[in-house]
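Novice: Sequence:
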Amino acid sequence: MRLLRSTDLALRVLMRLAVAGENTPTTREVAAAMAVPYTHAAKVVAELQHLGLLEARRGRGGGLALTGKGRTASVGGIVRTFEGDGDVVDCEGSTPCPLNSACRLRGALRRAQEAFYASLDPLTVSDIVAEPTGPLLLGIPGPGSGAHTP
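For what it's worth, numbering that gives the first Met the number 0 labels the leading residue of the sequence shown as 0, then goes sequentially.
No lab work stands behind these hints: they were computed from the structure.
Only a predicted model underlies this, so the values are computations on that prediction, with no experimental measurement involved.
Heads up, the beta-carbon is just placed ideally off N, CA and C, and yes, glycines get one too.
Using 20 Å as the maximum straight-line C-alpha spacing, the simulated SDA-like pairs for lysine to any residue come out as follows:
#1 Lys42 to Pro24
#2 Lys68 to Pro24
#3 Lys42 to Thr66
#4 Lys42 to Arg27
The following label-pair restraints were derived from C-beta to C-beta distances:
#5 Gly61 to Arg105: 45 to 55 Å
#6 Arg105 to Gly60: 47 to 57 Å
#7 Arg59 to Pro95: 49 to 59 Å
#8 Arg56 to Ala107: 39 to 49 Å
#9 Leu135 to Cys90: 39 to 49 Å
#10 Arg27 to Thr71: 24 to 34 Å
#11 Glu91 to Arg59: 43 to 53 Å
#12 Leu98 to Gly51: 39 to 49 Å
#13 Arg105 to Gly58: 48 to 58 Å
Taking the hints into account, I'd like the entire structure generated from these sequences.
Specialist: Printed below as a string of structure tokens:
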């Protein structure tokens with residue numbers, strides 16, 4: 000299973016904010032540090048804010064900060080939210096599969112997808128930035144340094 004770019008970015012933003020401490024980067028800084036278009040980062044940040052996982056403050060001293068709910072959020076729940084409930088394969092698309100009514104593959108893929116999510120459910124954002132990841136994240140140069148963040 001391959002994650003959408005927005006799912007990947009959402010997880011990386013949350014991870015970075017989880018170790019940011021008092022540093023509150025702006026959406027523009029996050030986009031630059033992660034080498035993604037600002038509009039894409041802004042959409043992901045808006046969704047994370049809507050979910051209550053981060054706060055976005057405007058003006059002097061503003062920026063992005065992880066909320067308590069963001070620290071304890073289930074990684075599986077976050078991935079589900081960004082990926083949606085769709086099947087791994089599109090059996091009923093513009094050209095429906097002729098095996099649709101008797102196919103066993105669709106159910107097997109659905110069970111595999113649920114097992115994937117279930118393996119992520121017990122993990123929280125705090126869990127995925129625990130050592131050695133958190134200290135490594137802190138050592139990655141921020142915006143303007145020319146380096147990329149995770």
